[in-house]
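> Below, each chain spelled out in residue letters.
Number of protein chains: 2
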Amino acid sequence: MNLAILFGGNSYEHEISIVSAVVLKKVLNKEAFFVFCDEEREFYLIKTSNLNAKTFSSKAYKKEKKLVLKQGGFYFESFWGAKKLDIKCVINLIHGRDGEDGKIAALFEFFNINFIGPRLEASVLSFNKELTKLYAKSVGVKTLDYFTLKKGLETNFKPSFPCIVKPVRLGSSIGISVAKNEEEFNYAKDVGFEFDDTLLIEEFKKDIKEYNLAGCMIADEFIFSIIEEPKKKEFLDFEQKYLSFCGHNELIEANLNEDLKEKLKKAFSKIYNPLFKGALIRCDFFIIDDEVYLNEINPNPGSLANYLFKDFNATLKNLVNSVKNETKIKINYSFLHSINGQKGKL
Amino acid sequence: MNLAILFGGNSYEHEISIVSAVVLKKVLNKEAFFVFCDEEREFYLIKTSNLNAKTFSSKAYKKEKKLVLKQGGFYFESFWGAKKLDIKCVINLIHGRDGEDGKIAALFEFFNINFIGPRLEASVLSFNKELTKLYAKSVGVKTLDYFTLKKGLETNFKPSFPCIVKPVRLGSSIGISVAKNEEEFNYAKDVGFEFDDTLLIEEFKKDIKEYNLAGCMIADEFIFSIIEEPKKKEFLDFEQKYLSFCGHNELIEANLNEDLKEKLKKAFSKIYNPLFKGALIRCDFFIIDDEVYLNEINPNPGSLANYLFKDFNATLKNLVNSVKNETKIKINYSFLHSINGQKGKL
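Quick note, the sequences are listed as chains A and B, same order.
Residues 9 to 354 (my numbering) make up the first sequence, in order.
Residues 9 to 354 (my numbering) make up the second sequence, in order.
Copies of one chain are not kept apart here, so a pair can be met inside one copy or by any two copies together.
Taking lysine to aspartate or glutamate pairs in the EDC-like style, the calculated list, with each CA pair at most 20 angstroms apart, reads:
#  : residue 1 : residue 2
1  : K91       : E50
2  : K274      : E299
3  : K70       : D46
4  : K217      : D298
5  : K278      : E218
6  : K239      : E304
7  : K62       : E48
8  : K67       : E48
9  : K150      : E138
10 : K91       : E72
11 : K338      : D46
12 : K73       : E48
13 : K78       : D46
14 : K78       : E50
15 : K74       : E85
16 : K92       : E50
17 : K278      : E138
18 : K332      : D94
19 : K338      : D205
20 : K338      : E50
21 : K78       : E48
22 : K336      : E47
23 : K188      : D153
Note that these hints are calculated values from the structure, not bench results.
Given only the sequences and the hints, what does the whole structure look like? Please build it.
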């Protein structure tokens, strides 16, 4: 089906995305193209035999075939002129900035390339944790109470401790701290403001139960993954969180009654439909007193959360066949003709 | 200062954008490059002498120099190979889809091109009228009450009449109707759903006072335009709304007391800062019982609302000198090295 996997990007999760692509290569039951976006945002077609850490850390990828994005696809130079890479669909596997903030969605819509991943609006709403909360509320899904702090704007806000301090825009756990007192809070703010101009503060609930559910919609039907109860320490750091999709962590299927499972699926559906059509996403929820709260949306989960699906390859194939881009608008210039007729000025 | 004006786009306002560029050419006190994005989203450099309606309606633009977007700028083929167009900054003058939905912002951030216009997040929030309301509320600016209808989802919602029915995502007045009874409402829904899968319904207030205020932020200071009270009929249609920036309509400066002018500027500031930094926007407000309500945000107003500014060319020059793109993230591959050390698996 001529899939391509796009990974890398100018993102704090650039390296995570490389890991994600390597894992996906092992999982896929078909060959695919691997398209790397380097820190300068140039594209390279990486031979699968070279898809390993050293290719990137040594910058050897620069010897691979360079690709240019134009209308309809990725092109490369050949002896016979520019040729188009024969791709039916691209999986957007860039995590964090570029991949999840809407840039890649915009590029693919603009250049008319079929892709799996969040669309522009979905990207912007899931990339910003405050917008995620506003959106969740608008579709009837609860989230935890929060407060935002903006860099340079003084405020009298005093959190209750312990609290969790998060840069409003980054994916993964980068820049996030738990603060148990004022001193730790001030430090947490300094750390957070290194990464973003807005911080989101929530009460830190130590023993809160967290559940992850992934899924996608194919022809108006939801395909859900199993519900995972992620292992955690105080909270997951960068490395722990992502080594999970390499298969090094054990998967724990959540022990929940049917009623709560249904509540999670219902909340997922409200979040997903129709905003996230075309993407396979993972939603991370809390359950408090039998009520479901959305924690965050991962619109490009690590290695597409393949380990959560019973038949990942079949799901992916169906999803690829169902995605479509915006319809093009036809321009007929009737308006210009009409002004011209009236004014003769243009 | 080597400005470029980008116009056109695959948008219902494609032709409006051409008018907008022609008007801006007349207003600017310096030469500029005019870059046209056609309905197929290919770029052309239009000679200023050819910047007239016929060039576009007859498709003669296809004989102009073709441009390709790559890292750092627009490139064209020459006898000596690919050359970069010498541009310091691009004004995004594409209205509606592509220009105001975030695609152009994403392209320019990705390809590292300086531009005037809304950034990605600002685009998505101002392009969708429901998100605009959620955002306005989050920064403490009032909007009118509303209800949304989603295509294909039945609901018992009955509006009170008269009501106004708007596609949630389009700019300008396309697809908008006023309904005075159930029959008109059903027709208005059919019209609206031709353009969007979500409609926003508000009470239609016939004699409501509308005020437009444009502005931008340069080095932490706001530059405001005069406050305009737009002429209107029942509501402005496509043609009336836009002929205004050709200078065919008379400008009416609003007759408001200082207190209300300050309230408008305060609401504008809350909306603008920091989300719209880098853009010159126009906010359209209502005033009801001396309270300010945001109606909509025009992040790329027609011809940059030049007619509202006392010294438009000076404002533009200062804005051009102040815009900057995202900072690039430096990738050092320390994480890949660390996993490699631990697992030797990548």
